[in-house]
Amino acid sequence: MSNLAAVVGNLGSIGYGLAAIGPGVGIGIIFGQGVNAMARQPEMTGVIRTNMLLGFAFAEALALIGIVMPFVYPTS
Amino acid sequence: MSVLADSKKFEAPGLELFNWKPVFHIGSVPITKPEILCVLVAAIVVLLTYWAFSKPKLVPRGAQNVGEVLYLYVRDEIARPNMGKDGDRWLRFLVPLFLFIWLGNLMSVVPLAQFPVNSRIAFPAGMAGIVYLTWVTVAIRTQGLVGMFKNTMFPPGLPWPLYILVAPIEFLSTFIVRPFTHAVRLFANMFAGHILIALFCTVGWWFLFEKLTPLGAPVGVLGVLLTIVMTAFELFIQALQAYVFTLLAASYIGGALHPEH
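So the sequence lines, in the order shown, correspond to chains X and C.
Using our numbering, the first residue of the first sequence is number 1, and each one after it goes up by one.
Using our numbering, the first residue of the second sequence is number 1, and each one after it goes up by one.
Excised from the complex, chain C in its bound form (with noise of 0.2 Å):
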């Protein structure tokens, strides 16, 4: 049983590994692996916090404990230098944020579902998009919409003719540029990192159980152990990535609520 089971030739995995057949159809809308994981991590996001955190006691015990470390380290390393203390409030954004985006990417290696859910690019824009939208409006309600445009693009501090090239450049950067990386990083990291180590394992498949060959043999025991290096280097990204993507949120909602940063 194998997708290679039928060429004569190695072929490297794709594109195909990202388009998923409907599992089933709600009426007429098919629901696929993805949105199924994707329910399925926002399902746990909310168990776990609602386990953490449903009867809080002075002392933690148990699960608030791990509950108590991860809402501190959203609240002193991400939310804090970027919002000031006046940013706790919106930490019932940042958290479940850090929490959903870490458990999607973690789907990667987790048996059965083996696929990152921040790959389909859908999810990450969704999120740029909750966040851009966010930013925006907090921006146009502190500093007004006028405001916001001159704040933004007229940086105080610089001779008048340097405007001209400026404000051009911090519209495009901030306005437009800003949403788009934002989303693809994670986007980027997820999609990059899945097929590299879908790559590493259909080359140890490949050369250790299709074409078992005494010079292909050390190939696809190196695939296997690329594999290993891979998924661990896959578990350090898959949790950076959600704390860039976090603190990104932050520092564009900061930027909204402080302008003068």
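Just chain X, with the same shape it has in the complex (with noise of 0.2 Å):
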């Protein structure tokens, strides 16, 4: 059976779209989480603030790996 349903165009656009979506929740969380530490102990918020962009950087990786899946496995 042929194609019941298909997505054509450029998948990578779209691989990536559906690849920041989580990322963008998961980010979201963590500067909430740690805007809303730094609020509660100020005298904290330097360790608040190193452990919050170690955790964006690993979430933001994901966002990351998702632009540059396309470059690897280019469909033409």
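Keep in mind that the hints were calculated from the coordinates and are not lab data.
Which stretches of chain C does chain X cover? Using the computed rule of at least three CB atoms under 8 Å from a CB of chain X, they are:
| hint | segment |
| --- | --- |
| 1 | 184-190 |
| 2 | 240-251 |
Just a sample of chain C residues kept apart from chain X, beta carbon distances all over 12 Å, derived:
| hint | residue |
| --- | --- |
| 3 | A52 |
| 4 | N65 |
| 5 | E170 |
| 6 | I176 |
| 7 | V229 |
Across the chosen pairs, the derived CB separations fall in these ranges:
| hint | chain 1 | residue 1 | chain 2 | residue 2 | range |
| --- | --- | --- | --- | --- | --- |
| 8 | C | V23 | X | M1 | 49 to 55 Å |
| 9 | C | G126 | X | V25 | 31 to 37 Å |
| 10 | C | L112 | X | G28 | 36 to 42 Å |
| 11 | X | V25 | C | V110 | 33 to 39 Å |
| 12 | X | A6 | C | P155 | 43 to 49 Å |
Note that the coordinates shown come from a computational prediction; the quantities given were computed from them, not determined experimentally.
For each residue, glycine too, the CB sits at the ideal point set by N, CA and C.
Work from the hints to combine the two standalone chains into their complex.
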């Protein structure tokens, strides 16, 4: 049976768009909790900021792997 | 003189930004611009640390101040939290690693160079490979081969049926996925940042100089503004990615040294 449903066009952009949903939510949670923690305990701002940026780098990595994959597996 | 000069439609920059023709050949080995930049950054790292630390004085003067700020930052924020106080002897590895990655990333915004060294996968992959071999060797030395696998795949304190699920996941995650994400995080950040800056630059050039139209000119101005914004954002991301790569390297080596964490 030939295709019942297909997505045509630039799959790389669609793939990246889908890949950016999770990290978007994740980064929002990370920075929201970080700001919340800084408000509760202002004297720990340095420690909190360090860990916040560390967590951000982890979450961002997944979104960026999403933008790199279309170049790793080109369609043409 | 434009890469788009003979096309009628705007074409966004893509992978061709990262393929360089050889500048010269040594024997039969072609030498390209990323390799030249890599060697240049390594030479700058050596020169900077030599300039700062060659004649150390108890009360620092001049370049030693800056060198000490960098060294103490890596020691207090990266090495000591992850490796404890006896991790100080690993600083001779971590400080040059941090400096090399940061300067390599900075090459993205330096005029005439304008290419982040770590946006070719070879350089982050090589460094992640070195860190991987280092921590596996340290783990085998401190815990033994069997001990390393036991401590990694079977964390204590779980009911025994769970180990059937946890052990393969931990093995894959620690020995296969970790070096991959370690390298790709740095590579993808630099790759995407370079493409974004190039894209907005091209938009600004195209709409302001190649095909100047009344409707297109504001898009060009927007492109130029966004180039400036993206460059500022990239400056932050470059330093952050250098910090994260070094932090993870310290964390992996520290985890191999002190597996009870």
